[in-house]
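Participant: Sequence:
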Amino acid sequence: MSQTPTAAPPAREERSSSTTRNVLMVVALVWTVQLVALMAALSGIAQADVAIHFRTTEIAWFTLMTLLTGTFFLPFAVKAAALFGKKRVLLVATGIGFVGDLIAAVATDYRTLLIGRGIAGIYAATAPLAYAITRDVFPRRWVGLASGILAGGVGLVAFGGPFLSGWLLDDYGFRGVLWFMAISTAASFVLVAAFVPESPIRAAGGRMDWVGGLLLGGGITALVYAVGQGSHWGWHSGRFAAHVAGSLIALIAFVLVERRVAEPLFPPAMTRRRPVWTVLLATSIAAGSLSAVGVVIQLLILMPSIPTVSDGLGWSGTHNAIVTSPISAMIILAAVATGWLARRVDARILLGTGSALTVLGYGIGTQLHHNAAQILEMGVIAGLGTGMVMAIVPIMIIEVVTPEEQALANGAQTLGQGVAQIVVSQLAFVVMAQDGAILKGTQFYLDAGFTNGLWLVVGCCALGALLVLLIPKSKRLDEVEVGQAA
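Take the sequence shown: its position 403, counting from 1, is numbered 403 in the numbering used here, and each next residue is one higher.
Derived from the structure by calculation, the hints contain no laboratory data. Be a bit skeptical, because a hint or two may be false.
[Unchecked claim] Computed spacing ranges between beta-carbons, pair by pair:
no.	residue 1	residue 2	range
1	Pro403	Leu439	54 to 64 Å
2	Gln374	Arg111	32 to 42 Å
3	Ile306	Thr108	23 to 33 Å
4	Pro268	Ser325	22 to 32 Å
5	Pro304	Arg260	52 to 62 Å
The structure displayed is predicted, hence computed values, not measured ones. Using N, Cα and C, we set each Cβ at its ideal position, and we do this for glycine too.
Given these sequences and hints, build the entire structure.
Facilitator: Structural data, given as structure tokens:
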């Protein structure tokens, strides 16, 4: 007797469809989050060529403009996401970032290039929103996995980014890098629009805290600009002092305003809790310092070797990718292992260990950074620490806040990390320039400058490691998930 084929059980079909949908959401959000890191990597690789092409001594602003505008608009983006929806704000930020990338790609002078880079920096606000939306749109059993994949993707960027940027830079120049940024941002917009649903979590009523946002953004901008221009104005000049004083006044006013407004950007009730503010402080310094180290390393590797003028190694982008690929692999392995260990080991230990390894690695690098073997030795040790730090940061945020506070806490951490990265990067340029030379309008750096820049990073990473001691013990990630399931 013949048998008629039976259809797959509806429950199995539903599970398969749900899994496919979740995988597509992970892909879209990983692209969105890691594109921020990839943009930073591409900028670092391209900055030496940009400086030489435009004959500028102000190459610091090529990377810092995006950080500056991203930091300024981040509080507004986080608040807008709570009011109007995370996906909607993701799409707006990505669309504006695409416009900025286009302006930078076609710019024929350095000022226009910086304007484009500044507009593109608004895209940086997408990273904390993407982390936050994972808690809103995924099933509970997918939240930890998705968060770990988003964080661990930094290793993929670290591994593939140098090869990609090396190919673009060597074959198409810095213009190829800029056009790739624009195309990638457009792809991010399409992926989020197609596969990521809107978050169901929304603030009840409320309004934008414009005064608080302007005070916070203005205070940070004034401080960063003063640090960047300090060597030109003079560190004891009235202009420098005025900018620093104005920054402090604005930031103090921001704190006072936030205590009084009904809908603050970052609720004091959240940021006053010791587990929250200590995690925000330690992770911001630790991760921000590591994000800034590329300023020193990429200039050291890619700047040409010119006797008495420049002590760069003069590598091509592709040669850089080949030599540093083991470092990237170490970052990936460390990030994956940290995500697994976070369910079993106190996150404070992981953050402190990762920070200590970066201190050791870059400490060695202050003395040994003159050939491929020495760069590899420094990088493998520091890469292990970098993977640990970058992977544990979002997990530590999950451990100390409620689901309703996730977006705000991610925004506050990204803001703090961005400020640390901007300040350390600016100081690195200032320190390196003290032992450098200007040739045909371009700033070059001698070996003492690179050494002092690495010492600066070592000191900041050490501070991040010490700040871990302030963090009280909190629930591990597995305990948090059990509590939410209950």
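Participant: So, for every hint listed, does it hold in this structure?
Facilitator: Going through the hints against the structure:
Pro403 and Leu439 have their C-beta atoms about 55 Å apart, which keeps the hinted 54 to 64 Å range intact. Range check, Gln374 to Arg111: Cβ separation about 38 Å, and the 32 to 42 Å hint holds. In this structure, Ile306 and Thr108 meet the distance hint of 23 to 33 Å, their C-beta atoms being roughly 27 Å apart. Checked against the given bound of 22 to 32 Å, the beta carbons of Pro268 and Ser325, roughly 46 Å apart, lie outside it.
Checking the proposed 52 to 62 Å range against Pro304 and Arg260 shows it holds: the Cβ atoms sit about 55 Å from each other.
The structure is inconsistent with hint 4 alone, although it conforms to all the rest.
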